[in-house]
Every structure is written in structure tokens, then in C-alpha cells.
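Asker: These are the residues of each chain, in order.
Number of protein chains: 2
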Amino acid sequence: MLSVDTTQLLKGVLDLAVLAVLRDDDGYGYDILRRLRTAGLTEIGDASVYGTLRRLFAAGYLTTYVVPSEEGPHRKYYALNPAGRTQLKQGGEVWREFASTMNTLLREPA
Amino acid sequence: MLSVDTTQLLKGVLDLAVLAVLRDDDGYGYDILRRLRTAGLTEIGDASVYGTLRRLFAAGYLTTYVVPSEEGPHRKYYALNPAGRTQLKQGGEVWREFASTMNTLLREPA
DNA sequence: TTGTGGTACTGCGCATCGCACACTACTGTG
DNA sequence: CACAGTAGTGTGCGATGCGCAGTACCACAA
Numbered sequence: 287m288l289s290v291d292t293t294q295l296l297k298g299v300l301d302l303a304v305l306a307v308l309r310d311d312d313g314y315g316y317d318i319l320r321r322l323r324t325a326g327l328t329e330i331g332d333a334s335v336y337g338t339l340r341r342l343f344a345a346g347y348l349t350t351y352v353v354p355s356e357e358g359p360h361r362k363y364y365a366l367n368p369a370g371r372t373q374l375k376q377g378g379e380v381w382r383e384f385a386s387t388m389n390t391l392l393r394e395p396a
Numbered sequence: 287m288l289s290v291d292t293t294q295l296l297k298g299v300l301d302l303a304v305l306a307v308l309r310d311d312d313g314y315g316y317d318i319l320r321r322l323r324t325a326g327l328t329e330i331g332d333a334s335v336y337g338t339l340r341r342l343f344a345a346g347y348l349t350t351y352v353v354p355s356e357e358g359p360h361r362k363y364y365a366l367n368p369a370g371r372t373q374l375k376q377g378g379e380v381w382r383e384f385a386s387t388m389n390t391l392l393r394e395p396a
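Protein sequence lines correspond, in order, to chains A and B. Each residue of the first sequence is one higher than the last, beginning at 287 in the numbering used here. Each residue of the second sequence is one higher than the last, beginning at 287 in the numbering used here.
Everything labelled a hint here was simulated from the structure, so no lab data went into it. Accuracy of the hints is not assured; some may be wrong.
Pairs involving identical chains hold if they fit within one copy or between any two copies, as the list cannot separate such chains.
[What the hints assert, rightly or not] In silico DMTMM-like pairs for lysine to aspartate or glutamate, Cα to Cα no more than 20 Å straight-line: (1) Lys297 x Glu383; (2) Lys297 x Glu329; (3) Lys362 x Asp332; (4) Lys375 x Asp291; (5) Lys375 x Asp310; (6) Lys297 x Glu379; (7) Lys362 x Asp311; (8) Lys375 x Asp311; (9) Lys362 x Asp310; (10) Lys297 x Glu357; (11) Lys375 x Glu357; (12) Lys375 x Asp312.
Quick caveat: nothing in here was measured; it's all calculated off a predicted structure.
Start from the sequences, fold in the hints, and give me the full structure.
Answerer: Okay, here's the thing in C-alpha cells:
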């Protein structure tokens with residue numbers, strides 16, 4: 287808490303990030319985790335992603351299907367449905383507005 | 287939770303916002319609340335601000351002094367100390383980096 | 001006087017959410 | 001067989017924003 291913590295910044299944004307990486311291609315949890323880390327969210331925990339996926343599914347933003355893998359355990363794929371795409375769009379707007387407000391607050395005055 | 291919630295976005299950022307509005311002028315809680323709402327964080331709760339101020343003070347980022355008011359109850363002013371300015375600077379950098387990552391993720395591909 | 005509204009702060013308890021941790025389970029390799 | 005990598009589930013914790021109740025002070029109205 288003394289140092290700057292990235293964890294709290296993720297609150298409410300991880301949903302959006304997960305929806306975003308599912309925009310173009312379906313994905314399963316472990317892969318989504320890799321996508322997010324590659325994208326720059328390097329400190330993300332695995333349980334956070336799995337939890338978020340379950341939450342988004344429960345909220346009706348995702349569809350899911352299980353694909354057995356011959357090179358490991360089964361993979362539970364998730365895909366955006368129309369509600370998810372709407373949510374991604376609206377969430378993105380809210381985020382941009384919020385980020386804009388914060389940037390204004392944080393801009394150096396000189 | 288069905289609609290887009292601003293509350294979660296504030297997590298970890300409210301600290302930064304409060305430090306930011308204290309950058310140029312000392313302030314007391316009720317006034318800081320107004321500054322934040324004016325700046326665009328319109329849905330912020332009063333308890334959130336008071337709590338954040340106590341937390342930032344406990345963390346050693348703020349100094350405080352009480353000023354009696356003749357037109358209402360006393361006002362507990364807060365001011366940034368050097369540690370607070372450092373935190374504001376570092377936090378701002380972390381925020382910008384994080385926001386940049388999110389913007390990249392959210393950018394429309396076409 | 002009593003009451004009402006605005007100002008200003010405190011404290012309690014709740015809900016959300018990211019996360020650490022432990023566990024299960026499947027595959028391939030040494 | 002042991003072990004590492006992959007893939008998922010479940011539990012409980014900690015941090016934090018927030019709603020709400022309560023306290024207190026002032027000004028003004030009925």
C-alpha cells in the first residue's frame with residue numbers, strides 16, 4: 287500500500303479488458319490470461335481471469351463451449367454474444383470518459 | 287452490475303485524484319468533495335472522500351490542521367507533504383502507463 | 001422556541017473484486 | 001514414477017468505495 291499498486295487500478299477494468307481480448311477471437315481462460323499479459327497487464331493473476339470469465343458469463347455477456355484437447359486438459363472456450371459486444375462498447379465509452387477526467391486532473395499545471 | 291458502474295473504476299484512483307486536487311491548494315474534506323465533483327467525478331460519495339483522506343494521512347502523504355469556522359462547524363484542512371508529492375508524481379506515471387495499455391486494448395481494430 | 005436546511009466530520013457495516021493458495025486432472029518427457 | 005506445463009475450480013482474505021446513521025454547528029423561518 288505504500289508503493290503504487292496496480293491491483294486496485296484493475297477493479298472494474300478487468301471486465302473490459304477480457305471483453306476486449308475476446309472481441310476478435312474466442313478464447314479459453316488460460317489463453318486469455320496470456321493475451322492480457324502480452325498486452326501489458328503483466329501482473330495479472332490467473333484466478334482473477336477465471337473469476338472474471340465466470341462473472342461475465344453469469345451476467346450474460348458470454349457464451350461458452352468445452353473443447354477437449356489431446357495435448358492436455360479440456361479447454362473451456364468463451365465467446366462474446368451481442369450483449370457482450372454492447373457491454374464492450376458502452377464500457378469503453380465510460381472508460382474513455384473516466385480516463386479523460388483523470389488525465390485532466392493529473393495534468394501538470396505548468 | 288448490469289449497467290456500467292463507475293464505482294469500481296475509482297478503486298485505487300481516488301487516492302490519486304485527491305492528491306491531485308490538493309496539489310495547488312490545501313483543502314478540507316467537504317471542499318475536496320466539491321472539487322472532485324466539479325472536475326467530473328460527479329458520482330463520488332462523501333464517505334469515500336473522507337475515508338480516502340484519513341487513509342492518505344495515515345500513510346503519511348498529508349499533513350492536517352483544523353481551522354474553526356464562524357459560519358459552520360470546524361474544517362479539517364489537509365495539505366500535501368513531500369511524500370505526498372512524490373506519491374502523486376509516481377502514481378500519475380503508473381496511471382498513464384496503465385491507461386495507455388487499456389486504450390490500446392480498447393482501440394477499435396478497424 | 002422549534003424546526004428545517006446547509007455545512008462538516010465520524011463511524012459502522014456491506015458489496016465488489018482482484019488475488020493467493022490449494023486442489024484436481026490431463027499430457028508428455030526424463 | 002516423478003515432474004513440469006497446461007487448464008480449471010473453490011475458498012477465503014484484503015483493500016476500497018459507498019450507503020447510512022449519527023453528531024455538531026450555524027442561519028433563517030414559522
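Asker: Could you tell me which of the numbered hints above are not met by this structure, giving the numbers in increasing order?
Answerer: 10 and 11
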